[in-house]
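Q: Given next are the chains, with one letter for each unit.
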Amino acid sequence: GQSLEQPSEVTAVEGAIVQINCTYQTSGFYGLSWYQQHDGGAPTFLSYNALDGLEETGRFSSFLSRSDSYGYLLLQELQMKDSASYFCAVRDRTAGNKLTFGGGTRVLVKP
Amino acid sequence: EPEVTQTPSHQVTQMGQEVILRCVPISNHLYFYWYRQILGQKVEFLVSFYNNEISEKSEIFDDQFSVERPDGSNFTLKIRSTKLEDSAMYFCASSPLLGNEQFFGPGTRLTVL
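Each protein sequence line maps, in turn, to chains A and B.
109 is the number that the working numbering gives to position 109 of the first sequence; each next residue is one higher, with no gaps.
14 is the number that the working numbering gives to position 14 of the second sequence; each next residue is one higher, with no gaps.
If you are wondering where the hints come from, they were derived from the structure by calculation, not from laboratory data.
Taking lysine-lysine pairs in the DSS-like style, the calculated list, with each CA pair at most 30 Å apart, reads:
no., chain 1, residue 1, chain 2, residue 2
1, B, Lys42, A, Lys110
2, B, Lys42, A, Lys81
3, B, Lys42, B, Lys57
4, A, Lys110, A, Lys81
5, B, Lys42, B, Lys83
6, B, Lys57, B, Lys78
Note that this is a predicted model, so its numbers are computed, not measured.
Sequences are here, hints too, so could you generate the full structure?
A: See the structure below:
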C-alpha cells in the first residue's frame with residue numbers, strides 16, 4: 001500500500017518562507033502532486049513533480065528526490081491568504097490514475 | 001474558465017436511505033473520480049472511471065457504492081443504504097487523458113442521521 005507523512009501544522013508570519021516536507025512509501029511511484037485546500041473548499045492543484053529537482057511556479061516551488069522518496073513544497077513571501085491546508089499526493093502507476101493523499105499540513109500565517 | 005460542478009452542495013439523509021450525488025466534469029476531460037473527506041481528515045480515493053467503466057476502486061468502494069455516467073455530461077455516485085460513517089464531504093474530480101492535474105469540484109457535504 002501507500003503511505004505519506006507530512007507535518008500536521010506550521011505557523012509563520014507574513015513575508016516568511018515555509019517548507020512542508022513529505023515522505024512517501026508506495027509501489028509503482030509515478031509522481032508527487034501538491035494541493036491547497038482552504039477551509040470548506042475543494043483541493044486545488046499547485047504543482048507536480050515526476051522527475052528529481054525543483055519546479056517553480058511563482059511564489060510556490062516543489063522539489064522531489066525519487067531516490068529518497070521525499071519531496072517538499074516551499075511557500076515564499078507568505079501572505080495571509082496562504083493560510084490553508086496543504087496536501088502532498090502520490091500518483092502511482094495504476095490504470096486508474098488515482099491520487100493517494102497525505103494527512104495534510106495546516107499552515108497558519110500571522111500578521 | 002471551465003470547472004467541475006456538483007449538486008447538491010449539502011445532502012441530509014436518514015440512515016438506510018439511498019442518495020445520489022451528481023457531478024458535471026469538465027467537458028473535454030476523459031477521467032472522472034470520486035474522493036471523500038471525513039471532517040478534519042485527509043482526502044481518500046474512492047473510484048476512477050474511464051471509457052464508461054470503472055478503472056480502479058479502493059477498499060472503501062464496496063457493494064454499497066456505484067457510479068454511472070448516464071449521459072454525455074453527468075457523473076453520479078450512488079450510495080445505497082447509507083450508514084452514519086458515510087457522513088463526509090464527497091468530491092468529484094476530472095482530468096484530461098494526459099495530464100497531471102485533477103480538477104476538483106466544490107464537494108457535496110453528506111450528513112447521515
